[in-house]
Structure formats: structure tokens, C-alpha cells
Amino acid sequence: MGINAPSLYAAFGDKKNLFLEAVRLYAGDTNAVRQAIEAAPSSYDAARSVLTNSVETFTGVDTPPGCLLASSTASGSAASEDVRTAVAEYRRELRDNLQARIERDIQKGSIRADTQASALAGLVVALTQGLSVMARDGADRASLLSVVEAALKAWPDST
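Numbering follows UniProt numbering, with no gaps: position 108 of the sequence shown is 108.
No lab work stands behind these hints: they were computed from the structure. Cβ atoms here follow ideal geometry from the backbone N, Cα and C, with glycine treated the same way. Treat each hint with caution, since some may be false.
Label pairs and their calculated CB-CB ranges [to be verified]:
1. Ala39 x Val133: 26 to 36 angstroms
2. Ser80 x Pro6: 14 to 24 angstroms
3. Lys108 x Gly138: 39 to 49 angstroms
4. Arg84 x Asp62: 22 to 32 angstroms
5. Ser118 x Lys153: 16 to 26 angstroms
6. Arg112 x Asp62: 35 to 45 angstroms
7. Ile3 x Pro41: 38 to 48 angstroms
8. Asp82 x Ser158: 36 to 46 angstroms
9. Gln116 x Arg136: 22 to 32 angstroms
Using the sequences plus the hints, can you model the full thing?
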């Protein structure tokens, strides 16, 4: 492939910038995620999609188990502040997009008015991180999807 330390440093400057670019590539197009959340028939469907897509990613046959974003900032990792900030921003965007979708459902009356949109969106993000850890620990796709199903049973309705 012709890749060596000098060519990497010439392209990215240092290891941190190389890793930040890998994080950006791994996280994908946050606009596409936002649009998918907005276009979902309901916040429940948006959350289900985020969680099941995460499980599929975390248990893919062509990738290591778990999530690069969760692993790169896990307690005790040597991630730089720039990396932690970039990953935290990705999670914030996901949470904010989910929260906005949940708030739309509250306004429409399809979710109880007393629902804490921020907490519910945070729950989905936290569950995503937990699913990543479980995948890294060896949980298979079916087990993780059963966790998703159990969690979604707690989703509020309009009553």
C-alpha cells in the first residue's frame, strides 16, 4: 500500500489528526442521521432505528465488536481532549436530534405531555453506549436486539 509513518504525517500532521479524521469518517454524515430521525413516523420509530442500526454496526462481521466512538473515550483510554470533544459533540448532536423529535411528538399529543424529552433522548444515547460495551464483551446480535426491545417497552405513549 505504500503507507508509512512519513506519508501518514504528511497527510495528517500527527496521530491525533489521523484519529480525528477516522472518528469523522466512522461517525458518518450527521445530517443523514438527523434527517432520518426527523423523517421517522414517530420518535419511537426514530429511537428504534438508531438502536437497531447501532446493534447491526456493533455486531458486523467485517468490523471489530462495539463502537469506535465509545471505545475511544472509555474511562482510562488515552484519548486526547480533542478526541473526547469530537466524540462528545457527535453524541450531543444525536441526543439533540432525538430530543427535538420527541418534543414534536409531545406537541402532537402522541406522547404524554409530562414526558421529559431530554431524559428520554439521553436514555437512547446511554443505551447505545451500553450496547457497544456489551458487544465488545461478546454479546451477539440477538441478545443486543432483545435488550433494545426490552428498553423500548418503556417508551411513553399518549395516555
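Hints, one by one, checked against the model:
no.: 1; hint: Ala39 x Val133: 26 to 36 angstroms; in the structure: 29 angstroms, holds
no.: 2; hint: Ser80 x Pro6: 14 to 24 angstroms; in the structure: 22 angstroms, holds
no.: 3; hint: Lys108 x Gly138: 39 to 49 angstroms; in the structure: 41 angstroms, holds
no.: 4; hint: Arg84 x Asp62: 22 to 32 angstroms; in the structure: 27 angstroms, holds
no.: 5; hint: Ser118 x Lys153: 16 to 26 angstroms; in the structure: 21 angstroms, holds
no.: 6; hint: Arg112 x Asp62: 35 to 45 angstroms; in the structure: 41 angstroms, holds
no.: 7; hint: Ile3 x Pro41: 38 to 48 angstroms; in the structure: 45 angstroms, holds
no.: 8; hint: Asp82 x Ser158: 36 to 46 angstroms; in the structure: 43 angstroms, holds
no.: 9; hint: Gln116 x Arg136: 22 to 32 angstroms; in the structure: 29 angstroms, holds
Violated hints are absent here; each numbered hint is respected by the structure.
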